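Novice: Chain residues, written in single-letter form:
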Amino acid sequence: GENVEQHPSTLSVQEGDSAVIKCTYSDSASNYFPWYKQELGKGPQLIIDIRSNVGEKKDQRIAVTLNKTAKHFSLHITETQPEDSAVYFCAAWKGRGGSNYKLTFGKGTLLTVNP
Amino acid sequence: NAGVTQTPKFQVLKTGQSMTLQCAQDMNHNSMYWYRQDPGMGLRLIYYSASEGTTDKGEVPNGYNVSRLNKREFSLRLESAAPSQTSVYFCASSLGSIGETQYFGPGTRLLVL
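Those protein sequence lines, which keep their order, are chains Y and X. Sequential numbering of the first sequence, starting at 4, is according to our numbering. Sequential numbering of the second sequence, starting at 4, is according to our numbering.
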């Protein structure tokens with residue numbers, strides 16, 4: 004089955020700096036890669052996603068890049084703010100076929116933005 | 004729209020007790036999911052339902068059962084709770100294809116003593 008590795012597990016940055024979280028996946032058939040943000044005591048919330056036919060996607064201060072050859076994708080947050088502090092999860096989805104219908108999540112990155 | 008709602012928010016059980024976690028969505032989504040979240044383990048899929056009337060096992064189904072009561076509701080039942088089932092449980096839903104753009108509920112924190 005799919006395996007998603009996420010690094011680092013914790014990340015501390017100063018307000019205004021950039022933060023980068025990286026994920027690798029094992030199944031080259033995976034074609035959808037969402038990123039979720041989870042604030043303390045809440046459920047994960049989708050913040051950005053990318054499909055395998057696109058190499059980069061931006062939404063204001065957030066961007067995601069995908070390298071299909073190397074099977075890795077990254078989340079980039081620029082001009083970080085204290086409210087960006089949360090746990091971030093990457094995930095990979097393979098699509099239809101057999102029983103592999105599920106999203107496979109990385110284990111999460113705790114991002115702390117220090118004022 | 005309330006999105007995905009879950010009840011209860013917190014629950015304490017004794018080993019061997021049973022309970023049902025309730026989940027409902029008001030987004031007219033076809034697919035629904037149950038995950039558990041444990042420290043350092045990320046989110047692991049317990050069961051999912053691609054559409055009303057169908058359910059399938061996920062990554063960690065042992066000790067759980069589910070019911071897709073109708074399009075809106077998807078419940079998770081623990082027949083005989085064990086301390087290993089202490090976790091935070093999240094319900095999620097998606098509009099169409101399994102796995103795409105899932106919307107999560109606020110979670111149920113379960114402690115089994």
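Please keep in mind that the hints were generated in silico from the structure rather than gathered at the bench. Incorrect hints may have been included.
Derived pair list, reagent style EDC-like, types lysine to aspartate or glutamate, alpha-carbon separation capped at 20 Å [to be verified]: (1) Y:25 to Y:82; (2) Y:45 to X:41; (3) Y:71 to X:41; (4) Y:110 to X:103; (5) Y:60 to X:103; (6) Y:110 to X:41; (7) Y:45 to X:29; (8) X:60 to Y:5; (9) Y:40 to Y:20; (10) Y:74 to Y:30; (11) Y:74 to X:29; (12) Y:40 to X:59; (13) Y:61 to X:103; (14) Y:45 to Y:20; (15) Y:40 to X:103; (16) X:12 to X:29; (17) Y:110 to Y:20.
The following label-pair restraints were derived from C-beta to C-beta distances [to be verified]: (18) Y:56 to X:80: 38 to 44 Å; (19) X:85 to Y:59: 26 to 32 Å; (20) X:23 to Y:54: 34 to 40 Å; (21) Y:84 to X:11: 31 to 37 Å; (22) X:19 to Y:73: 29 to 35 Å; (23) Y:20 to X:11: 39 to 45 Å.
Over 12 Å on every C-beta distance to chain Y, these chain X residues come out as not near it, computed from the model [to be verified]: (24) 9; (25) 14; (26) 15; (27) 19; (28) 21; (29) 23; (30) 66; (31) 67; (32) 71; (33) 74; (34) 75; (35) 85; (36) 87.
Keep in mind it's a predicted model, so treat the numbers as computed, not measured. All residues carry an ideal CB built from backbone N, CA and C; glycine is no exception.
Novice: Hints first: check each against the structure and report whether it holds.
Specialist: Against the structure, the hints come out as follows:
1. Y:25 to Y:82: holds (18 Å)
2. Y:45 to X:41: Measuring from Cα to Cα gives roughly 14 Å; hence the hint holds.
3. Y:71 to X:41: Between residue 71 (chain Y) and residue 41 (chain X) the Cα gap is close to 30 Å, so the pair fails against 20 Å, i.e. violated.
4. Y:110 to X:103: With Cα atoms ~19 Å apart, residue 110 (chain Y) and residue 103 (chain X) stay inside 20 Å; holds.
5. Y:60 to X:103: holds (17 Å)
6. Y:110 to X:41: Answer holds: residue 110 (chain Y) to residue 41 (chain X) is near 10 Å, not above 20 Å.
7. Y:45 to X:29: holds (19 Å)
8. X:60 to Y:5: holds (16 Å)
9. Y:40 to Y:20: holds (18 Å)
10. Y:74 to Y:30: holds (8 Å)
11. Y:74 to X:29: violated (36 Å)
12. Y:40 to X:59: Not OK: residue 40 (chain Y) and residue 59 (chain X) at ~27 Å, beyond 20 Å, violated.
13. Y:61 to X:103: holds (19 Å)
14. Y:45 to Y:20: Outside the cut-off at roughly 25 Å; violated.
15. Y:40 to X:103: It holds: about 16 Å lies between the C-alpha atoms, which stays within 20 Å.
16. X:12 to X:29: holds (18 Å)
17. Y:110 to Y:20: violated (24 Å)
18. Y:56 to X:80: 38 to 44 Å: holds (40 Å)
19. X:85 to Y:59: 26 to 32 Å: violated (45 Å)
20. X:23 to Y:54: 34 to 40 Å: At roughly 36 Å between Cβ atoms, residue 54 (chain Y) and residue 23 (chain X) fall inside 34 to 40 Å, so the hint holds.
21. Y:84 to X:11: 31 to 37 Å: holds (34 Å)
22. X:19 to Y:73: 29 to 35 Å: For residue 19 (chain X) and residue 73 (chain Y) the Cβ distance comes to about 49 Å; the hint is violated.
23. Y:20 to X:11: 39 to 45 Å: The hint (39 to 45 Å, Cβ to Cβ) holds, given that residue 20 (chain Y) and residue 11 (chain X) are roughly 40 Å apart.
24. 9: Not fine: 8 Å to the nearest Cβ puts residue 9 (chain X) too close to chain Y.
25. 14: holds (16 Å)
26. 15: About 17 Å separates residue 15 (chain X) from the closest Cβ of chain Y, which puts it past 12 Å; holds.
27. 19: Holds, because the least Cβ-Cβ distance between residue 19 (chain X) and chain Y comes to about 29 Å, which exceeds 12 Å.
28. 21: holds (24 Å)
29. 23: Answer for residue 23 (chain X): holds, closest chain Y Cβ roughly 19 Å.
30. 66: The claim stands: residue 66 (chain X) keeps its Cβ more than 12 Å from every Cβ of chain Y (closest is about 18 Å).
31. 67: Holds, since 15 Å exceeds 12 Å.
32. 71: Given that every Cβ of chain Y is farther than 12 Å from that of residue 71 (chain X), nearest at about 15 Å, it holds.
33. 74: holds (18 Å)
34. 75: holds (18 Å)
35. 85: holds (23 Å)
36. 87: Holds: least Cβ distance 19 Å, greater than 12 Å.
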